[in-house]
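**Student:** Turn these sequences into a full structure, and let the hints steer you where they fit.
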Amino acid sequence: MSLNIKPIGDRVVVEAAAAEEKTASGIFIPDTAKEKPQRGTIVAVGQGKVDEPLTVKVGDQVLYGKYAGTEITYEGKEYLIMRESDIYAVL
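First residue of the sequence shown? That's 752 in the numbering used here, and the numbers climb one at a time after it.
No wet-lab data here; the hints were simulated from the structure.
Hints may be right or wrong, so weigh each one.
BS3-like cross-link-like pairs, simulated, lysine-lysine; straight-line CA separation at most 25 Å [unchecked claim]:
| # | residue 1 | residue 2 |
| --- | --- | --- |
| 1 | Lys817 | Lys787 |
| 2 | Lys828 | Lys817 |
| 3 | Lys787 | Lys808 |
| 4 | Lys808 | Lys757 |
Derived Cβ-Cβ restraints for the label pairs, each shown as a range [claimed, not checked]:
| # | residue 1 | residue 2 | range |
| --- | --- | --- | --- |
| 5 | Ser836 | Lys787 | 38 to 48 Å |
| 6 | Asp802 | Ser776 | 43 to 53 Å |
| 7 | Ser776 | Ile756 | 22 to 32 Å |
| 8 | Val841 | Tyr818 | 27 to 37 Å |
| 9 | Gln812 | Ile756 | 12 to 22 Å |
Using N, Cα and C, we set each Cβ at its ideal position, and we do this for glycine too.
**Tutor:** Now the structure itself:
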């Protein structure tokens, strides 16, 4: 995937995973009750800081904080721009 957004510094662009449609027991969740996903795929990375290179790369599946990042819409798709420090784990 080619994305024309180039984050600056230690920021990354994440495409959030789709929200869960139903619970583990099979109950469907209405749109008003869906929680924000906390996982996604990195689609663009910055250069990092001079003394701290980035440890994530494009294509990594990551877990991040519930309220991490800034939501943006680019070419009709939703993305999050966040600092690498907002990422908790790489899956």
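**Student:** Now tell me if each hint is right for this structure.
**Tutor:** Consistency of the hints with the structure:
1. Distance check on the hinted pair: Lys817 and Lys787 sit about 7 Å apart at the alpha-carbon level, within 25 Å; holds.
2. For the suggested pair Lys828 and Lys817, the alpha carbons sit about 19 Å apart, so the restraint of at most 25 Å is met.
3. Among the hinted pairs, Lys787 with Lys808 is consistent with the structure: their alpha-carbon atoms are about 23 Å apart, no more than 25 Å.
4. With a CA separation close to 13 Å, the supplied pair Lys808 and Lys757 stays within the 25 Å bound.
5. For Ser836 paired with Lys787, a C-beta distance near 19 Å fails the hint of 38 to 48 Å.
6. Distance hint for Asp802 and Ser776: a CB-CB separation of about 49 Å, consistent with the stated range 43 to 53 Å.
7. Checked against the hint of 22 to 32 Å, the pair Ser776 and Ile756 fails, with Cβ atoms roughly 39 Å apart.
8. For the pair Val841 and Tyr818, the beta carbons lie near 20 Å from each other, so the given range of 27 to 37 Å is not met.
9. Checked against the given bound of 12 to 22 Å, the beta carbons of Gln812 and Ile756, roughly 19 Å apart, stay inside it.
Hint compliance for this structure: hints 5, 7, 8 are not met, and every other hint is.
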